[in-house]
Structures are given as C-alpha cells and as structure tokens.
Amino acid sequence: MKLGWQNWFQEKRFAAQWERAKEAAQSTPIADYYNDLLPTDQHLEDAPLIALDFESDGLEENAQLLEAGWVAVEGCAVKLSSARRLRIRAESKLQGSAVVIHRITDDAAAEGQSERDVLQALIADLKGTAILAHAAVIEQSFLNAACLRCFGVPFVGRFICTMQLEDRWFPKDRAADGLRLGKLRAQYGLPYYRAHDGLTDALACAELFLAQCARRQTENLLTEDVLMRA
Amino acid sequence: MEVDEVVLFLGRHAPFDALSADVISALARRVEVRYFPREAMIIDADKENHALGIVRSGAVELRLGGTELNHRLGEGGVFGYPSLLHHERTRNQVIAHEDSLIYQLPKTDFLKLLDDHEALRGFFAKDEAERLRLAVEGLRQSEQSHGEAAMIAVKLGGLVRRNEVVTASPGDSIREAAKLMTRADVSTLPLTDQGRLLGIITDKDLRRRVLGKDVPLDEPVSRVMTQDPITMSLEDDLLSAMLIMSQHNIHHLPIVNDTDEIVGVISSGDLLNRFGMNALQVVAEIEAAGDAAAVARAARRVDAVLAHLIESGVDADHVARFVSNIGEATHRQLLKLGEEQLGPPPVPYALVVFGSLARQEQAGGSDQDNGFILDDGYDERAHGAYFERLATFLCDGLNSAGYVYCPGNIMATNDKWRQPLAVWKERYRDWIDRPDPENVLNTTIFFDMRCVAGKEELVDSLREQIFAWSSANRIFLSFIARAAAHTKVPLGFFRNFLLQHDEKEGDVLDLKHQAIAPVVDIARVYALALGLSEVNSEERLKKAAELDELSGEAVSDIVDSFEFIRSVRFRHQSEQIRQGAAPTNNLSPALLSRFEREHLKDAFRVIRDHMDIVSRKYAGNIQ
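Residue numbers (the numbering used here), protein chains in the order written: chain A, 1 to 230; chain B, 1001 to 1623.
To be clear, the hints were calculated from the coordinates, so they are not data collected in a lab. Just so you know, even glycine gets a beta-carbon here, dropped at the ideal spot from N, CA and C. One or more hints might be untrue.
[Said to hold, decoys possible] Stretch-level coverage of chain B by chain A, calculated; a stretch enters the list once three of its residues show a Cβ under 8 Å from a Cβ in chain A:
id, region
1, 1033-1042
2, 1095-1105
[What the hints assert, rightly or not] Derived lysine-lysine pairs resembling DSS-like cross-links, with alpha carbons at most 27 Å apart:
id, chain 1, residue 1, chain 2, residue 2
3, B, Lys1107, A, Lys79
4, B, Lys1213, B, Lys1179
5, A, Lys12, A, Lys127
6, B, Lys1601, B, Lys1488
7, B, Lys1512, B, Lys1543
8, B, Lys1112, A, Lys79
9, B, Lys1601, B, Lys1455
10, B, Lys1047, A, Lys79
11, B, Lys1488, B, Lys1617
[Said to hold, decoys possible] Example chain A residues on the side facing chain B (calculated, C-beta under 8 Å, incomplete):
id, residue
12, Ala83
13, Gly189
14, Ala211
Chain A extracted, bound-state conformation (with noise of 0.2 Å):
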C-alpha cells in the first residue's frame, strides 16, 4: 500500500511530536537517541529493527516495569548477539496479577537495576531503529510514561506492530484471542515458547514478523509498508 493523504498526514505530525521531544530532551541523558530518525522510505532489509518486550504488573500506563528483553533484527535476521534482558528494580511493592503471571517476586524485582538505568541502556540501543513489539501501543506508552517518569520528556519512536500487521494484511474473521502472539507463532510453524519472559517474547515477535513478511511474498518491502498506523 503506497502513501495516502492520511500518512502523509501521519508522518506530518510524527515529524512535529520528534521534533518536539528532540526539544524537550537536550540536556537530558537520552538527548542523543533524538539525533536519528530512522527513514521511512528505505528497503525493510536495510531498516535496523529493534523487538522489544516489557514486563510489568499492569496494562495501565502506570504500571511497575518489572523488566525489558530486546533483541535486534537486521537484514531480515534476528542477532542474538544484541539480545539484553534487564530486571527493573520496583520502587513499590507488585500487584499481585504480575507475581502470579510473571513468576516475578518482589524480592527477585528488587535485584534488578533502576528503572531510570534500565531505560538509558535500552533508549540507546533503540536510537535509529523502529521499535517492533506484539501489540505495540503498549510498549509505546510504557516507554512514553517512563521517560516522562524519569527524564521529564516523552518518548517519540517509529513502531512495527505484529498485531496489526497479522490484520492489514490478512485480514479474516478470528476468535476473540485470534491475533494473540502465540496463536500467531503457531499458524506459521514457529515453536512454542513459554510466555512472559521479556527477552523471550521479543525474540518471538521478531520471529513472527519474519514470517509475517516471507508470507506477504512482497518484493522490496519499505519500512513505511510496516509501520504502525494511528
């Protein structure tokens, strides 16, 4: 699908939100993240990709971050030699949802590095790339409400979206749990993997993507063909 009027004016007010932050953040640890914008009209296989996975003891905005797992995708391969999973000290104590889902303790939480620590590493990693996570909204208003916690400015990124991906371009009737990721995996023949590990979960993104687009069978695919809409 080449560019209509509605990313045309998408990427009109993505550049004024960047341009915004990159503002907002000199003088801040993660200014530098703002010094590259990854283009939008080059070849997929050239595009740095990063998959990214948090864990946390809620959906809402406000959530604990408990942990991050990213792993980088160039080239249309995953390297696991750039795979990171950081722990994220919890200033507070868990809700109880996440002990039971994560198997995260707060004493294991407690081990991890501080939020703020855990978020300058990852930001740096992601600097050029677009950010590819399952159900990617989420991971862009954790990063958003975290750089806010912690920087005082909000975070502003390109985003892959595998959820919405799976429905652009295969859209069908499914169950109500259709599009989750592991469902997904297993249509394309990719193993099981044992959920609710950040690193794990964004190394199964990443791999979902991969076959998302062997399966589109698209030549040259750009970058903007992948992006998340609004």
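Based on the hints, put chain B in the right spot on chain A.
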C-alpha cells in the same frame, strides 16, 4: 543473561548437547535466526557459504547438484558444514521443505567452536567415511566400558599361568606320556623338541586314537599326536582364542611366546569359567548331542548367545562369526548323527552351504541354504536313496534347530542340489556362459559357498573351476556387477521415515536387503573378477585391496560401513531377543537412535558410492 529458548534447544540436540552449559550459552549469542517459507532457497549450490544451518522448526531438503532428492532434515538437523570445513563453494542446494525457522552460526564462530571442542569434530568430520570410522571406534570404546567383560581387551597373557607347563618329547612312548599326564594332572600334553612345539596330545586323543584303535602303548607318542597344532601368542586376545576354538572344534590352545617357546596351554574350560554362557559352550553341547532333538535344543540357544555377546561388547564381525560357528557345528553334528544312523556314505560327498553361513556372516533368524556335492563315482540307482535320506535327516534337523527350510528350496533334499560334481560344474558353467538378467539375482547366492562337512576337495575343485570361468568372462561379470548395483540403498531418514530414491518415504528399514546385501554383492563382484578363494566379505575386500583392485582406504571405509550396519542389526536383534521376540532384519526408523540414524546415513552414502564404482568398473560391457 541467557537466550533461554535457544540455549534449551541447542542443549537438546547433537552435537551441541555434548557441550557445557557455559559454552552453549555463549554459542546461542552468536546465532542469527532466519525464517524461510516453503520452497525458499536457504543455500544455493556453487556459492560462498557463510554459516552453519540448524533447523529450529520445519524441515529442509538437501539437493545434491540441485536435482535429485538427497536428504531431508527435520528439527535439530544441521547442514551446510562441508563447504565451511573445506573453505570451498557449496555443493548442495538447501531448500525449505516446510516453512522453517533456521538458526545460523557464522562461519568464524563455527570454525572456532570446532577448534576448541574436540567432541564436535567427529560429528562434523570431513566426510562420511571418517565420521563412520570415529563412530565405530566410539562404539567399541563404549562397548568395552560396560557389560560384564571386555573380551576384546583381555589378552591371553593375563590368563595363562606360566612356569608350570608340563611337556614331553615326541619320541617318548605313549605310556610315558600318559603317566606324565596323570602325575601332573593335566589333560593336554605339549610335545616339544628343544623347546619347539611339534605336537600336542590330549585325554581325548588317548581315548580315541590309542585305546579305541588298539595302538600299542610302546609306540612313540608322535604317532598319535596332533601335529603342528594351532597356537596363539600372549598378545592375542581372548575373543580370538574363543573364535579359533569354536571354529576348529578344539578345546586346548598352546600359547607360545615371541621365540615360539611354549609358555602355557589354555583350555576352553578356562574361558568358560571366566565368561559363563557363551558360544563355545553351545558349540560343545551341539557336538555332544546324541540325537537330532538334542542338537536342536542346543542350537536354539544361538539367540541367547547372540544377545550375550552383544551385551558383552563383542563387535559385529566377531558376533557373526560366532553365530556362524554355531550354525556350522549344527550342520556337522546332524550329518554325523545321520551317518551313524544310515551307515557310512557309499561314495565320498561334501556338504556345501551357501549365502551368509558360507561367508561366516550369519545373524539371527537365518534359514538354511545347502546342497550335497557327490563324488563323480555316484550312481543314482545304487546310492540315490542313501543321500536322499541323509539330506532329509539333515534338513529336518536344521529346521527343528531353528534354521528353517529354505523358501527357495535350496536344500540337499531337492535333488537339483544333490548331484555329482560334474553336474554342479555344468550348472555353474551354464550360469556363467549364458547369464540371464532375470535369473542372475537368484544365482548370486551360489557364488558364496563353503564346505562344512565331508570331502572338502569336492568343493575346492568346484570353486576353482567357477573362478577360472568367471574371471575370464567379462559379460558374466557385467551382469553380476549390474545386479550388485541394482539395490536401492536408502538415502537417509526424515523424522520417522526412511528416505528412499524416487522421493518415496518408507516406514520400515530392511537392513539385510537394503544395506548389508549391497556390501556382500560388491565384495562378491571383486571375488569373481579376481578369482578370490575368500568367501567372507571383509576378507574378499581386503584381498582385493592387496591385489590393488581398490585402495586400502576404500576398503576400510566400506568395512567400517559394513561393521556399523551389522552392529545396528545385532543390537536390535539382541533387543528383540531380550523381549522374547524372534530376531528379524526389519526395523522401524522410529526405533533408531539419533546416533544410529546419522551414521547409517553416512554408511548408506559410502555404499552407494562403492556401488557406482563397481558398476563403472565391471558393468560397462553391455549397453
């Protein structure tokens, strides 16, 4: 921090499972993950290759030269390493057979891994032959490290009690020798002259050759001794000693040192005491059997012997020889009992066996293939009834003993295979001079023959004649070579299927017909082409190498393949026996271990290559 899923996966699959957790963890971080939809090209032929491929999910197909289906790999399969090891361009095309997730390990990381970890080198050894050699070595080592005994490792030197050998001179009287044996309480007396062993006499000899024949006791013992007995050295191993004893039906072996001085005598009893249930015991029981039923009872224990030998870590070649020795002893004893019942044969004759027993390559569950070669003085009217009854006694006895009637009726009871030497020669001449493509497959078995009882000269004479004809007849050789190249050796395995030519997937592996027979066929072609008197396949191949017909390296490759395939067969037969089932040659690929699959695939490859060589060399004369 670990990439958990990748680490877990590598740790579950060979060869990475041999690495420590730390190494696997570091290795996982070098991996790049790619996805290939069905039909996508993963590696093209004749290109640079930069990475080792590991199938994480899905399946890939390796296509040699870009055409013929060559091999298929499922989850955990590893590909693309020959080009990395040789620093050369790729030979195979690798195509995704299903949607596949592939781990790629960059070349430099792969080569470094091999440098650092010797354990992996065997797995990625340069070619099939080298991998097989390492596998066979590994099997022998692991076999020796378990079981009640490592018979191969035990040297006779460790069993012989030295400095107590009682000897006499061949010139001594029989009486003196017997008294000496009684005084020293020995059942065997070596007879030496100035330390050199000239003969041996045993209790049994005194009974049979002296008392039984009324030989005066004042005669020199040399008159009744066994001259030039078979000896072994202190360096020989226990297994070889047992094999010699069961083969020649002897119970004592003089042991000599480097300078041929006798240092001890080892008896079958010594070996039995040490190893309990074994082949010697069964052979001894067969030879002591007073009627066909007793022979059958003893011979039926061959299965237990087979299982025991396998568990004791004996290699396939030796197991086959022991099993064959039991088979031979059964034939011999039945014939002896038959002659006792029917009286001595009216004319000389030989019992000839064909096929695996002739080659001393018998496994469990064999049927019988035999015939009588009668002296040319045979007169049908006068002698026919005798040999027919003898043959019936033999073949019925063999059937009761577990060597079931030959489905193709190749038995001495069939008068076609109970004929004077001249008729046998005529029949072979016909096969050789007028080879029939339809029939050549059915006649190959007759070119593996051995005399197990009776007048050996009859069989020798026939064999000499056959080889003189066959080695001179290129057309006949080309028929035999074409028949040898005819078998479809499998390509490998894919999940629980056997990959065969024409993309068919089989679910049963017939080791005898699909892998063992082709090696036997190859060896037979060389034997016929070169006029070799050897019958055993390994010996035929080694002899062919001595005559420079093929390289020593080629022979050791194919012998390793043969050993490996037969070891797989024996292992599965011993498992069947242990579970109370009759041993067979068929097995489901699902029962094969990963190790067996990998190396069977290598062995198939070696065999296919050699079939091509034989075919090029000898089958070229027609068409």
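Hint-by-hint comparison with the structure:
| no. | hint | in the structure |
| --- | --- | --- |
| 1 | 1033-1042 | holds (count 6) |
| 2 | 1095-1105 | holds (count 5) |
| 3 | B:Lys1107 / A:Lys79 | holds (15 Å) |
| 4 | B:Lys1213 / B:Lys1179 | holds (19 Å) |
| 5 | A:Lys12 / A:Lys127 | holds (20 Å) |
| 6 | B:Lys1601 / B:Lys1488 | holds (13 Å) |
| 7 | B:Lys1512 / B:Lys1543 | holds (24 Å) |
| 8 | B:Lys1112 / A:Lys79 | holds (19 Å) |
| 9 | B:Lys1601 / B:Lys1455 | violated (44 Å) |
| 10 | B:Lys1047 / A:Lys79 | holds (23 Å) |
| 11 | B:Lys1488 / B:Lys1617 | holds (19 Å) |
| 12 | Ala83 | holds (5 Å) |
| 13 | Gly189 | holds (4 Å) |
| 14 | Ala211 | holds (5 Å) |
Checked against the numbered hints above, the structure violates only hint 9.
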